[in-house]
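For chain A, the structure is supplied; the task is to place chain B on it using the hints.
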Amino acid sequence: MNYSMIRYTLGMLLLFESVFFALPLICAVVYWESAFFAFLIAALISAGLGLLLSMKKPERTELYARDGFVIVSLSWIAISLFGALPFFFSGAADSFIDALFETVSGFTTTGASIFTEVEPLPRSVLLWRSFTHWIGGMGVLVFVMAFLPLSGGQNMHIMRAESPGPEVSKLVPRVKHTAIILYVIYFALTVIMIVTLLCSGMKFFDAVNTAFSTAGTGGFGFKNDSCASFPAHQQIIITVFMLVFSINFNSYYLVLKLKFKDAFNSEIKAFILVVLAAITVVTVNISSMFESVWDALRHAAFTVASLISTTGFSTENFDLWPELSRTVLVIIMFIGACAGSTGGGIKVSRILILFKGMARELRTLVHPRQVKKITIDSRPVDREVTRSVNAYIATFILVFVVSLIALSFEDRDLITNFTAVTSTINNVGPGLGGVGPASNFAAFSPFSKLVLIFDMLAGRLELFPMLVLFYPGTYKKS
Amino acid sequence: MKIIIVGCGKVGEALAEELNDEGNDITVIDQNATKVKHIANKYDLMGVIGNGATREVQKEAGIDSADLMIAVTGSDELNLLCCLMAKKAGDCKTIARIKSPEYAEDAPYLRDELGLAMVINPDYAAAEEITRILKFPTALKVETFSKGRVELFKFRLPEDSPLVGMTLKDAMIKYKSNILVCTVERGEEAYIPKGDFTFAGRDVVSIIASSRSITEFLGKINYKTRTVKDATLIGGGDITHYLCEMLGNSGISVKVIEKSTAVCDELASQFPSITVINGDPADEDILREERVAESDAFIALTSLDEENILLSLFAKNAGSKKVMTRINRIEYGSVIAKLDLDSIIYPKNLTADTIIRYVRARQNTLGSSMESLYNLIKGEVEVAEFIVGENSPIVGKPLHTLTFKDNALVAAILRGRQLIIPRGAAVIESGDSVVTVTKELFMRDISDLLRQ
Numbered sequence: 003m004n005y006s007m008i009r010y011t012l013g014m015l016l017l018f019e020s021v022f023f024a025l026p027l028i029c030a031v032v033y034w035e036s037a038f039f040a041f042l043i044a045a046l047i048s049a050g051l052g053l054l055l056s057m058k059k060p061e062r063t064e065l066y067a068r069d070g071f072v073i074v075s076l077s078w079i080a081i082s083l084f085g086a087l088p089f090f091f092s093g094a095a096d097s098f099i100d101a102l103f104e105t106v107s108g109f110t111t112t113g114a115s116i117f118t119e120v121e122p123l124p125r126s127v128l129l130w131r132s133f134t135h136w137i138g139g140m141g142v143l144v145f146v147m148a149f150l151p152l153s154g155g156q157n158m159h160i161m162r163a164e165s166p167g168p169e170v171s172k173l174v175p176r177v178k179h180t181a182i183i184l185y186v187i188y189f190a191l192t193v194i195m196i197v198t199l200l201c202s203g204m205k206f207f208d209a210v211n212t213a214f215s216t217a218g219t220g221g222f223g224f225k226n227d228s229c230a231s232f233p234a235h236q237q238i239i240i241t242v243f244m245l246v247f248s249i250n251f252n253s254y255y256l257v258l259k260l261k262f263k264d265a266f267n268s269e270i271k272a273f274i275l276v277v278l279a280a281i282t283v284v285t286v287n288i289s290s291m292f293e294s295v296w297d298a299l300r301h302a303a304f305t306v307a308s309l310i311s312t313t314g315f316s317t318e319n320f321d322l323w324p325e326l327s328r329t330v331l332v333i334i335m336f337i338g339a340c341a342g343s344t345g346g347g348i349k350v351s352r353i354l355i356l357f358k359g360m361a362r363e364l365r366t367l368v369h370p371r372q373v374k375k376i377t378i379d380s381r382p383v384d385r386e387v388t389r390s391v392n393a394y395i396a397t398f399i400l401v402f403v404v405s406l407i408a409l410s411f412e413d414r415d416l417i418t419n420f421t422a423v424t425s426t427i428n429n430v431g432p433g434l435g436g437v438g439p440a441s442n443f444a445a446f447s448p449f450s451k452l453v454l455i456f457d458m459l460a461g462r463l464e465l466f467p468m469l470v471l472f473y474p475g476t477y478k479k480s
Numbered sequence: 043m044k045i046i047i048v049g050c051g052k053v054g055e056a057l058a059e060e061l062n063d064e065g066n067d068i069t070v071i072d073q074n075a076t077k078v079k080h081i082a083n084k085y086d087l088m089g090v091i092g093n094g095a096t097r098e099v100q101k102e103a104g105i106d107s108a109d110l111m112i113a114v115t116g117s118d119e120l121n122l123l124c125c126l127m128a129k130k131a132g133d134c135k136t137i138a139r140i141k142s143p144e145y146a147e148d149a150p151y152l153r154d155e156l157g158l159a160m161v162i163n164p165d166y167a168a169a170e171e172i173t174r175i176l177k178f179p180t181a182l183k184v185e186t187f188s189k190g191r192v193e194l195f196k197f198r199l200p201e202d203s204p205l206v207g208m209t210l211k212d213a214m215i216k217y218k219s220n221i222l223v224c225t226v227e228r229g230e231e232a233y234i235p236k237g238d239f240t241f242a243g244r245d246v247v248s249i250i251a252s253s254r255s256i257t258e259f260l261g262k263i264n265y266k267t268r269t270v271k272d273a274t275l276i277g278g279g280d281i282t283h284y285l286c287e288m289l290g291n292s293g294i295s296v297k298v299i300e301k302s303t304a305v306c307d308e309l310a311s312q313f314p315s316i317t318v319i320n321g322d323p324a325d326e327d328i329l330r331e332e333r334v335a336e337s338d339a340f341i342a343l344t345s346l347d348e349e350n351i352l353l354s355l356f357a358k359n360a361g362s363k364k365v366m367t368r369i370n371r372i373e374y375g376s377v378i379a380k381l382d383l384d385s386i387i388y389p390k391n392l393t394a395d396t397i398i399r400y401v402r403a404r405q406n407t408l409g410s411s412m413e414s415l416y417n418l419i420k421g422e423v424e425v426a427e428f429i430v431g432e433n434s435p436i437v438g439k440p441l442h443t444l445t446f447k448d449n450a451l452v453a454a455i456l457r458g459r460q461l462i463i464p465r466g467a468a469v470i471e472s473g474d475s476v477v478t479v480t481k482e483l484f485m486r487d488i489s490d491l492l493r494q
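Read top to bottom, the protein sequences are chains A and B. Using my numbering, you'd call the opening residue of the first sequence number 3 and step up by one each time. Using my numbering, you'd call the opening residue of the second sequence number 43 and step up by one each time.
What the hints contain is simulated information worked out from the structure, not anything from laboratory work. All the pointers check out, no bait thrown in.
A few chain B residues facing chain A, derived, Cβ under 10 Å:
(1) Lys-44
(2) Ile-45
(3) Asn-66
(4) Ile-68
(5) Lys-79
(6) Ala-82
(7) Asn-83
(8) Asp-86
(9) Leu-87
(10) Met-88
(11) Gly-89
(12) Ile-91
(13) Gly-104
Positions of the beta carbon are idealized from the N, C-alpha and C atoms, including for glycine.
For reference, chain A alone in the conformation it holds in the complex (with noise of 0.2 Å):
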């Protein structure tokens, strides 16, 4: 293990994240709110410990596969925990684990709440809520390496860490060109939907604020209703760039490259048919309850759109539909966004390769001799990818197992502790029952908190960097 470079690179953000601070603090002086000291504290506070770790400049800067694992999951951790202060400090949160839960529930995008009325939130907090979700939804790591000279070729390793998708690629040569052809695509599509919103009216503030989460695929809103209070056309608008941040960043460095066709691949037109498959059938199960179909629609298409997209925002409160859409909707959020995206959930790559992998086991019965490749977009899929993700849906399945016994410990219903774990896990936000759209995640028990604030993580950065930051063999020498 490389443990000066570890300290460096955590030195090296938590100097990042005190100038994140800047955000909520100028928001503080512009609506000159109190909690501007909280935010000034926890800025001195790791912009303190970021320089005293980053003053010495490790020696050997190789980093190897554990490292980059380890790197990222400590990051994670130490972004939140600081992360953290300005809640706790504001006196927002009552105690430090409703602050460290509200925080990863941002950094991982999922939009989880502890508080029951954000309503009266100082607006700087509300404000730094949103950000938390911008700055993770593209991985905080990956921002630090647009900007820092990180050692030559390792820090791919990183990459591939923080990263959402089974299998990652660059765009251009060098890592660092392509994080910052990704941030510059984040950052232009977040100002195209700020743009949009203030045309249809929306407030400044509002608009940032719903911008950072819906850019995030988080879902912190700044209401009480989430975005219930919206006028129709707004929540369209939500409707369709919640969607156009589940789709693979990839897609729209190929479009500015005028590849169209590769753009377009496999991956989202599979994402696309659950998409409009899951619309149609909430639709006609929900017809009923609304004055007219079209209401249905709006509702079943923003509703699909933010849990799929793992955004997590509501407009209705979806735990009093028919069990049909309540089924549904649960499984779109294991489905999850397009790999590469800022969404979360088990992403439609990896469905597609498992779906395609149980087609060929299939035939292979048929016919024991055959021999057969899977392929998607008409390109042989590795052996070591289709295993990944075998892989990554076991430990997937194990992780969801072992975090809903620990819940359960808590004696609530079986939907509620089922829907925390899977929201969590996939980066949702809002689940069913006790954690429904109108309720949130205040009543848990700190333990129960930790367990979720786990699967946050774990969900954020696809389960392994975290299970290999506790695993033992990573810290032996030999």
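Chain B in isolation, oriented as in the chain A frame:
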């Protein structure tokens, strides 16, 4: 510069590493997914899996915007096809590796007819290097500049040399030779020595001068030189092929020991004047029977690095006067440096220097063109030769008035037929050919020597 490298073999990887370090954007193409992944994990570059001669794969690798395509797969025909396709698809320069001795003669013709920027042949370059060293068998390495008018001579200082314990300044005063000591390697450190530098036994010293001055200087310090009359080559690969041709012309009698009967037959029929021994060189008896220890030079050129090292150590032990070892694949440079071997030939690195010179020359817009470039000590000390342009800031001023960077040195100035080993008052004029020695600097232009 955007560079595409087709083929992730030894040469491809060496090129990818060095060009990447120089700050170029690299994309590698290979049909072997494992190799591509290995390289893409090791260096900050992009990998594409597929046949580099197909349009689709070239497009995916970004041929449209590439500046240079280097084809170094194991097949000469494929390399040429890659370059032809690249030339049609994008507006880029192309470099192909031609390694088969059958095509080697046609290489310049192929280059011109097919519009290639350069044709490289690592094995041929290795054979050339071996031939150069055989002319000065006590040298570890010999490089030539300006068509042979300036030479760089690298040798190990014997423990009993009169230079040991002397400072560079005293040595220069005492021997009054027209030479320049450009680098000294001691253990793992490399120095560009100043006047107060003191020589020690077993230092590896590189000097730059004309061929005559070098001989003169070596005579003055009682460094024994001799000539090679016969050489034993182990292994009958491509390098051996080229060597038989080159050495045959220089009057050195050649003996080749090769395991495969077919290869022996071919060599014997192609080069009737050489002695071909059919036998396994790993068999100690055969080496003893052929009395390899008594031949003037022992050159291990099999395709197995381990075997080459072992055979060289054996020959050195048995008392061979000059041992040369070809190393293709294995890295572990620090361990190899500790072994008691004389000259080590790295074919994969030889052509990398040529290509890097080409890449840097294309990036340089300042008007002094780089003529040649040698990595004297891998990744650390470079020797480069420039033709100085008119507008260069270095022109027309005495050297002692210019402020040079640390570890940068003007080693030789060539004006017409005259060789100047520069002292402080020397002045560089435009059109001069200047040899520079630098440590840890990437030279693109001669003005890179100066502190900005």
